[in-house]
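Undergrad: Given next are the chains, with one letter for each unit.
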Amino acid sequence: MNIKPLADRIVVKPIEAEAKTASGIIVPDTAKEKPQQGEVVAVGIGRLLDNGERAAMEVAVGDKIIYSKYSGTEIKLDGTEYLILNERDILAKL
Amino acid sequence: MNIKPLADRIVVKPIEAEAKTASGIIVPDTAKEKPQQGEVVAVGIGRLLDNGERAAMEVAVGDKIIYSKYSGTEIKLDGTEYLILNERDILAKL
Amino acid sequence: MNIKPLADRIVVKPIEAEAKTASGIIVPDTAKEKPQQGEVVAVGIGRLLDNGERAAMEVAVGDKIIYSKYSGTEIKLDGTEYLILNERDILAKL
Amino acid sequence: MNIKPLADRIVVKPIEAEAKTASGIIVPDTAKEKPQQGEVVAVGIGRLLDNGERAAMEVAVGDKIIYSKYSGTEIKLDGTEYLILNERDILAKL
Amino acid sequence: MNIKPLADRIVVKPIEAEAKTASGIIVPDTAKEKPQQGEVVAVGIGRLLDNGERAAMEVAVGDKIIYSKYSGTEIKLDGTEYLILNERDILAKL
Amino acid sequence: MNIKPLADRIVVKPIEAEAKTASGIIVPDTAKEKPQQGEVVAVGIGRLLDNGERAAMEVAVGDKIIYSKYSGTEIKLDGTEYLILNERDILAKL
Amino acid sequence: MNIKPLADRIVVKPIEAEAKTASGIIVPDTAKEKPQQGEVVAVGIGRLLDNGERAAMEVAVGDKIIYSKYSGTEIKLDGTEYLILNERDILAKL
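Residue numbers (the working numbering), protein chains in the order written: chain A, 1 to 94; chain S, 101 to 194; chain W, 201 to 294; chain F, 301 to 394; chain L, 401 to 494; chain Y, 501 to 594; chain X, 601 to 694.
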C-alpha cells in the first residue's frame with residue numbers, strides 16, 4: 001500500500017459490523033454505538049520518546065483491531081475508505 | 101480468550117451487584133451509583149514509560165477488581181458484554 | 201482486610217466528627233464543611249514513577265489522616281462504608 | 301504539634317493583620333484583600349521528584365511567611381484555626 | 401526556497417483536490433471536508449527534546465503528505481499560497 | 501530588605517510610567533495598557549528542577565525589568581507597594 | 601539596543617506589510633489577517649531545559665522572521681514600537 005502514516009499512527013480498513021440476527025433478518029440496532037473493528041493496513045515508525053528514540057508499535061499490518069468509533073481521520077484512497085488512527089485509539093487486538 | 105488489550109488496558113467481565121435483602125426481597129436501590137465489581141479476563145503488556153520500557157501490570161487474569169462505574173468502553177464478544185478499562189480506572193483488587 | 205487498592209490509592213474508614221459542645225449538647229454546625237478525619241485500613245504499592253519504579257507511600261495501615269471532604273470514591277464492604285483515596289488527597293497525618 | 305502534613309504541604313497559623321492606624325483607630329480597609337501572613341507550625345517531607353527522591357523544603361517551623369489569601373484548606377485543632385498549604389502557595393518568607 | 405521553518409515546522413504547498421468524475425464532469429462534493437494533500441517545500445531542524453537535542457524529522461523536501469485540513473497557518477510568498485504546519489499535523493506520507 | 505521570595509519568585513518595586521509629553525503636559529493615555537517597568541529588590545533561590553537542583557535566576561537585585569501588567573501579587577511592606585512575580589512573568593531586562 | 605529579553609524570548613521590530621498593487625494603488629485588503637514579518641533586534645539566552653541547561657536559540661539578531669499576528673506583547677522603546685515574542689511563536693525565518 002502506498003501510504004506511510006507518521007509516528008505512532010496506523011491506517012485501518014474498517015470492517016462492517018453485521019446487523020443480522022441468527023435467522024438472517026437485518027434488524028435496526030439502536031445500541032450499535034459500540035467500538036468498531038478494522039484491519040491494520042499500514043503502521044508508522046512509532047511514537048517519539050523524550051530521549052529521541054521511537055517506541056515499538058504494538059500492532060502490525062494484518063492485525064484485526066477494535067477501536068473507538070469516533071476517533072481518527074477518514075481518508076479515501078483509490079476509491080476505498082480508510083481511517084488514520086493513533087495507536088492509543090486502539091483498544092485491543094483480536 | 102481471543103482478545104488482547106493494548107498497553108495498560110484490561111478486559112473485565114462485570115459482576116452483577118446483588119440487590120436482594122437478607123430475606124431475599126429485591127429492593128430498588130437509589131444509592132447504588134457505587135463502583136462496580138468485575139473479573140479481569142485479559143491484560144495488556146503495560147503502559148509505555150518515557151524510557152521506552154513497559155511498566156508491569158498490577159492486575160492479572162482472574163483478579164476480582166473494583167472499578168469506577170462510568171469508566172471504560174463496552175464491547176460484546178460472542179454474545180457476552182465486557183468492558184475495556186485502563187489500569188488507572190481500577191480502584192482496588194479484592 | 202481483603203481489599204488491596206492499586207498504585208498510590210488507600211482505603212480509609214471515615215471517623216465521625218463530634219458535633220457536641222463541652223457540655224454535651226449537640227449543635228448544628230453550619231461551618232462544618234471542613235476536612236474529614238479517617239483511619240487508613242489498606243494501602244497500595246505506590247505511584248508508578250517515570251523510571252518504572254514505585255514511590256514509597258507516606259502513610260501506613262493504622263494511620264489517622266485528614267483528607268479533603270469531597271475527594272475519593274465511596275465503597276461498602278461487609279456493610280461498612282469506606283473511601284478509596286489517592287495519597288495526594290491526604291492533607292496530613294495526626 | 302501532633303500533625304504531620306504530607307509531601308510538600310505545610311501547616312500555618314494565620315497572623316491577624318492589624319487594621320489600626322498609627323493613632324490606634326481601627327479603620328475598615330476595603331483594600332485589605334491582600335496576601336496574608338502566618339507562622340509555619342509543621343512541614344512535610346518534601347515534594348516527590350520524578351526520580352523518587354524528595355525535594356528539600358524551603359521553609360521550616362517558626363518561619364514567618366506571606367501566602368495567597370484564598371489558597372489552602374482550613375482545619376481546627378484543639379480549638380485553634382490553622383491552614384494546610386502547598387509550599388508553592390507560599391509567596392515569600394519574612 | 402528562501403524560507404526556513406523553525407523547530408518541527410514544515411512549509412507545504414497544497415495540492416488541489418480534483419472534483420471531477422471519471423467522465424470529467426465537475427461535481428459539487430459536500431463530503432469533501434477530508435484531509436488535504438500537499439508537497440513539502442521546506443523543513444525545520446526538528447523538535448527540541450528535553451535533553452537539548454533535536455529529533456530527526458520524518459518528512460523531507462519533496463514528500464507528498466496528507467494533513468488535517470484545518471491545521472497550520474497560511475502564508476503567501478511571491479504570490480503563491482503555502483501553509484506552515486507542525487510535523488504532528490501531518491497524518492501520512494504518500 | 502527583610503523579605504525572601506520562594507523558588508523562582510522575585511519582589512519588584514514598580515516604576516511609575518511618565519505620562520508627560522516633551523513639553524511637560526500630563527496627557528491621559530488610553531493606550532497605556534502596556535507592560536510595566538520595575539526594579540528588582542529581592543530574588544528567590546531559583547525554580548526547582550526535576551533532578552532536585554535549582555535553576556540559576558536570570559535577574560538580580562537592582563535590575564530594571566519589564567513585566568506583564570496584570571501578573572503577580574501586590575504586597576505592602578513598611579508603607580511601600582511591591583509586587584511578587586514569577587521569573588517567567590518577566591519579559592525583559594533593560 | 602539596551603533591552604535583553606529573558607529565557608527564549610526575542611524582541612522583534614515589525615515590518616509593515618505593503619498593501620499596494622503592482623501599479624502602486626493602495627488597496628484595502630480584507631484578507632490581510634495573515635502572519636506578520638519582522639526583524640529580530642534582541643534575543644534571550646534560551647529556554648531552560650529540565651536538566652538546568654539552556655537550549656540554543658534558532659534565531660539571531662538581524663534575522664527576518666514570520667510570526668503569528670496575535671502573539672507577543674507590545675512595548676514602546678524610545679518612541680518605536682517593538683514586540684516581545686516567545687521563540688515558539690516564530691513560524692519561520694526568511
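It is possible that part of the hints are untrue.
Below, simulated DMTMM-like cross-link-like pairs (lysine to aspartate or glutamate); rule was C-alpha separation at most 20 Å, straight line [unchecked claim]:
1. W:Lys213 / W:Asp289
2. X:Lys676 / Y:Asp578
3. W:Lys204 / W:Glu274
4. W:Lys269 / F:Glu374
5. A:Lys4 / A:Asp89
6. Y:Lys576 / F:Glu374
7. X:Lys613 / X:Asp650
8. L:Lys404 / X:Glu674
9. Y:Lys593 / X:Glu674
10. F:Lys376 / W:Glu274
Only some residues are given here: those of chain W computed to face chain S with a beta carbon under 8 Å [stated by the list, open to error]:
11. Pro205
12. Leu206
13. Arg209
14. Val211
15. Leu248
16. Asp250
17. Asn251
18. Gly252
19. Ser271
20. Ile275
21. Ile284
If you want the footprint, here are the derived chain L segments under chain A, 3+ residues with CB under 8 Å [stated by the list, open to error]:
22. 449-455
23. 473-483
24. 487-493
No lab work stands behind these hints: they were computed from the structure. Ideal placement from N, C-alpha and C gives every residue a C-beta, glycine not left out.
Undergrad: Quick one: which hint numbers does this structure break? Sort them smallest to largest.
TA: 2, 6, 7, 8, 10, 19 and 23
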